[in-house]
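Asks: Okay, here's what each chain looks like letter by letter:
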Amino acid sequence: MCVVLNVVYNTGTNSYDALKALIAGGNAPDIVGPVGKMGRASFQGSWADISVLAKDAGFDLTKYDPSLLEFTKDEGVLVGIPFALFPSFVYYNKALFDEAKLPYPPQKVGEKYQGKDWNLDTFTELARKLTVDKAGNDATSAKFDPKTIKQFGFYEQWTDARGVATFFGGGLPYDLKDPKTAVIPDVWKQSWKWYYDCVWKNYFMPNSDYYNSDLLGQGNTFGTGNVAMVWTHTWYTCCFDLAKTKWDIAVVPTINGKITAKLHGDTFAITKASKNQKAAFSVLTKMVVDQDLFQIYGGMPADPKDQPAFFAALDKRAAPNKINWAVAQEMLKYPDLPNHEAWLPNMIKANDLFTAFRNKMDQTPGLDIDAEIAKLQIDLTSVFKAASP
Amino acid sequence: MSAAQAVSLVSAKPRTSTLRRREISWGFFFLLPWLIGFFGFQLIPIAMTIFLSFTDYKGTSEFAPGNFNFVGLDNYARVFSDIDAIPSMIVTLKFALIGIPLGLIIPLYFAVLVNSRRLIGGNLFRTLFFLPTVIPIVAGTIIYRGTLNANSGWINLLLRWLGVADPPRWFSDPFWAIPALNLLGIWGVGNAMLILLASLQGVPTELYEAATVDGANAVTKFFKITIPMISPVIFYNVTLGIISAFQYFVPAMLIGGLHGDPQKSLLFFPLHFYRQGFSFSDMGYASVLALILFVASMIATAVMFFFAQRNVYYAGGD
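Chains as they are written, first to last, in this note's numbering: chain A, 1 to 389; chain B, 1001 to 1318.
Possibly wrong hints are sitting among the right ones.
Lysine-lysine pairs mimicking BS3-like chemistry, simulated, CA-CA at most 27 Å apart [stated by the list, open to error]:
1. B:Lys1264 with A:Lys349
2. A:Lys180 with A:Lys322
3. A:Lys180 with B:Lys1094
4. A:Lys385 with A:Lys112
5. A:Lys385 with B:Lys1224
6. A:Lys55 with A:Lys101
7. A:Lys193 with B:Lys1264
8. A:Lys333 with A:Lys116
9. A:Lys55 with A:Lys272
10. A:Lys94 with A:Lys349
11. B:Lys1264 with A:Lys375
12. B:Lys1264 with A:Lys189
13. A:Lys112 with A:Lys147
14. A:Lys101 with A:Lys322
15. B:Lys1221 with A:Lys147
16. A:Lys375 with A:Lys94
17. A:Lys201 with A:Lys272
18. A:Lys201 with B:Lys1221
If you're looking for bench data, these hints aren't it; they were derived computationally from the structure.
None of the values given here were measured: they were computed from a predicted structure.
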């Protein structure tokens, strides 16, 4: 069989609009991706059931870890073959640690930092020490001026309020017995309160004015060299100078006695509207094992035997830095369960509320966070109840 | 009237000549690009919007029978329970109430300034005032966002240098967000300035000479001669300003994002409509919002024309 592939390339929010236009015009692409849970949710009901296509093609799905297969399901329907995993960890800027004469953060679970457990208190203290104002005072100093910060200790980059919440642990924002009633997990409430204090009281995380400024690259904070640590995923290797920045990665601190390293998992999906589903599936089986695609998308191969080649290629790009990729593999053992991108009733509108909630925390000093969380819960319930049955 | 007379009357009716028919054909031929554009990109989309407003069509499926249902007036009724519909219209009105007067007064001021014989280097100022207009709106907005950044923007740096301890957090504080966008609007007053300038230069000098002889001072001449004489152009600018304010979208989206941040203070009505259609894929309801926008613009324009009958002076008119 000869298959001719026509690639349509779109990025960012433009990709959503382009895909909608293609689908509405009856020209739906056969394969879409790489796409994660959030992206797929924007086109809920548009994806073909891969398990049926795999069965027809005699493709063995049992070689994949059942938990990964479960992770690739949307509302019980398998929408892709596990392709790439994006574990999260702490990226740190070695130059800023060296300048502050502070040891690098731990790279193994259980390792101590300056004789102390690598927990929230130790982490918070470290982040404050790495936050510096124009006069050179760090955030632990009484002379520190939060209006003239030049370097930040930490940032939870490019995630919404669910991602922020997951720093303290995974959870679902609804009552399991009645998914249309929002119930914010206690661990999320703690996480948001801590986050808000970090931005507006401890000042080691940037508020919106700072992260939208040139100082922090209008959002790409770690890439500017003015943030000492960020918590994000392997895909971030796309977006800063791996060779020029002096950097490495560290494990996520233990919070409330456990580590949570949120996980992203992207795949390629076949549209229900595709007129060539069988051929598309055949192509899909080749794409999910293509070594080049792992590099292009910064995704750790789902199949462990492909991982050394992936890291070797990343090492080439990061040289002369020698990155301890064992940290990324280690963090895979601590995924957020349930996942922070897990299904929600009326998911797009619910996610919209979570994004707006984080924006509000970033933009507004003096908030009563408990009251804001209560309001979010009410708004979520109303959105959940409006979900189609 | 006899039958013979009737026949002669019919035959006396002028017949279209071949030349005339050819001229008409060529006229249509030259109009064709506009007609195609009008039908393809305006009339059909407007008709489709009206059609979609009665359906529950989602943008995530092919637009084909079977993928949507007719829901009658449900989408229209939804406007009354939409918690963002009225606030977003208020955001648009707030912006218009500040922006339209600014968009008239400032270019008029610049036009009078560059029209003055006493101004040295008038052509230079004319060019400088017009220059920002040639910057694409997206690029201009991104630059402007940096300029008004609360920490690193040069406007706040200047305010701090002048002794303002806590300058506005322009795009983080809901109170300042709309005035900040109105300031952005001032960047683009070059077009209006040029049109007003052309109009100012068309005011007959005899009127000013006569007024001078009568002892009128500059202020009197401005309000009693200049303003009435250029009132058709003022009317034109205000009408366009109203329509633009109702359609205000790109800078708001670039600065406040799809949520209209900070705290929905930049959730303009067109942004709300865009979110419903393209973020939430609710094309049926988005079509209703689009139609409301259309009707609101029409009403505002009609009101303008009503007042124009009394307040706009057309030289040479009745």
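Asks: Each hint should be assessed against the structure and marked as holding or not.
Replies: Results for each hint:
no.: 1; hint: B:Lys1264 with A:Lys349; verdict: 15 Å, holds
no.: 2; hint: A:Lys180 with A:Lys322; verdict: 48 Å, violated
no.: 3; hint: A:Lys180 with B:Lys1094; verdict: 36 Å, violated
no.: 4; hint: A:Lys385 with A:Lys112; verdict: 46 Å, violated
no.: 5; hint: A:Lys385 with B:Lys1224; verdict: 62 Å, violated
no.: 6; hint: A:Lys55 with A:Lys101; verdict: 58 Å, violated
no.: 7; hint: A:Lys193 with B:Lys1264; verdict: 22 Å, holds
no.: 8; hint: A:Lys333 with A:Lys116; verdict: 23 Å, holds
no.: 9; hint: A:Lys55 with A:Lys272; verdict: 16 Å, holds
no.: 10; hint: A:Lys94 with A:Lys349; verdict: 40 Å, violated
no.: 11; hint: B:Lys1264 with A:Lys375; verdict: 15 Å, holds
no.: 12; hint: B:Lys1264 with A:Lys189; verdict: 23 Å, holds
no.: 13; hint: A:Lys112 with A:Lys147; verdict: 33 Å, violated
no.: 14; hint: A:Lys101 with A:Lys322; verdict: 20 Å, holds
no.: 15; hint: B:Lys1221 with A:Lys147; verdict: 51 Å, violated
no.: 16; hint: A:Lys375 with A:Lys94; verdict: 41 Å, violated
no.: 17; hint: A:Lys201 with A:Lys272; verdict: 49 Å, violated
no.: 18; hint: A:Lys201 with B:Lys1221; verdict: 59 Å, violated
The structure fails to meet hints 2, 3, 4, 5, 6, 10, 13, 15, 16, 17 and 18 from the earlier list, while all remaining hints are met.
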